[in-house]
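Asker: Sequence:
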Amino acid sequence: MKKQHKNIKIFLTFLALFSVSFTSSLSLLSFQLPVAIAQNNTKAEADKLR
Numbered sequence: 001m002k003k004q005h006k007n008i009k010i011f012l013t014f015l016a017l018f019s020v021s022f023t024s025s026l027s028l029l030s031f032q033l034p035v036a037i038a039q040n041n042t043k044a045e046a047d048k049l050r
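When you line the sequence shown up against my numbering, it's residues 1 to 50, in that order.
Hints listed in this document are in silico derivations from the structure and should not be mistaken for laboratory results. Warning: the hint list may mix true and false statements.
[Stated by the list, open to error] Derived Cβ-Cβ restraints for the label pairs, each shown as a range:
id, residue 1, residue 2, range
1, Gln32, Lys2, 24 to 32 angstroms
2, Asn41, Ser21, 25 to 33 angstroms
3, Leu17, Ala46, 38 to 46 angstroms
4, Ala16, Ala46, 39 to 47 angstroms
5, Gln4, Leu29, 46 to 54 angstroms
6, His5, Lys43, 31 to 39 angstroms
7, Asn7, Phe31, 45 to 53 angstroms
8, Ile8, Ala46, 25 to 33 angstroms
9, Leu12, Leu33, 48 to 56 angstroms
10, Leu12, Asn41, 26 to 34 angstroms
11, Ile10, Leu49, 55 to 63 angstroms
12, Asp47, Ala16, 52 to 60 angstroms
13, Gln4, Ser24, 29 to 37 angstroms
The beta carbon of each residue, even a glycine, is placed where N, CA and C say it ideally should be.
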């Protein structure tokens, strides 16, 4: 029973680390995506103007 409890603790720690890294990468993506879209739009506008 004690070994199982330790495995659950390790699993929970892994899950917490994974969720933290997942949310941080998600926020990075949501921050970078509009910037990339804006850059693509300005590039397309510049190509139109040329």
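Asker: Taking the hints in turn, state whether each one holds.
Answerer: Results of checking the hints against the structure:
{"no.": "1", "hint": "Gln32 <-> Lys2: 24 to 32 angstroms", "verdict": "violated, 45 angstroms"}
{"no.": "2", "hint": "Asn41 <-> Ser21: 25 to 33 angstroms", "verdict": "holds, 30 angstroms"}
{"no.": "3", "hint": "Leu17 <-> Ala46: 38 to 46 angstroms", "verdict": "holds, 43 angstroms"}
{"no.": "4", "hint": "Ala16 <-> Ala46: 39 to 47 angstroms", "verdict": "holds, 45 angstroms"}
{"no.": "5", "hint": "Gln4 <-> Leu29: 46 to 54 angstroms", "verdict": "violated, 37 angstroms"}
{"no.": "6", "hint": "His5 <-> Lys43: 31 to 39 angstroms", "verdict": "violated, 56 angstroms"}
{"no.": "7", "hint": "Asn7 <-> Phe31: 45 to 53 angstroms", "verdict": "violated, 36 angstroms"}
{"no.": "8", "hint": "Ile8 <-> Ala46: 25 to 33 angstroms", "verdict": "violated, 56 angstroms"}
{"no.": "9", "hint": "Leu12 <-> Leu33: 48 to 56 angstroms", "verdict": "violated, 31 angstroms"}
{"no.": "10", "hint": "Leu12 <-> Asn41: 26 to 34 angstroms", "verdict": "violated, 44 angstroms"}
{"no.": "11", "hint": "Ile10 <-> Leu49: 55 to 63 angstroms", "verdict": "holds, 58 angstroms"}
{"no.": "12", "hint": "Asp47 <-> Ala16: 52 to 60 angstroms", "verdict": "violated, 46 angstroms"}
{"no.": "13", "hint": "Gln4 <-> Ser24: 29 to 37 angstroms", "verdict": "holds, 31 angstroms"}
Comparing the model with each numbered hint stated earlier shows that hints 1, 5, 6, 7, 8, 9, 10 and 12 do not hold.
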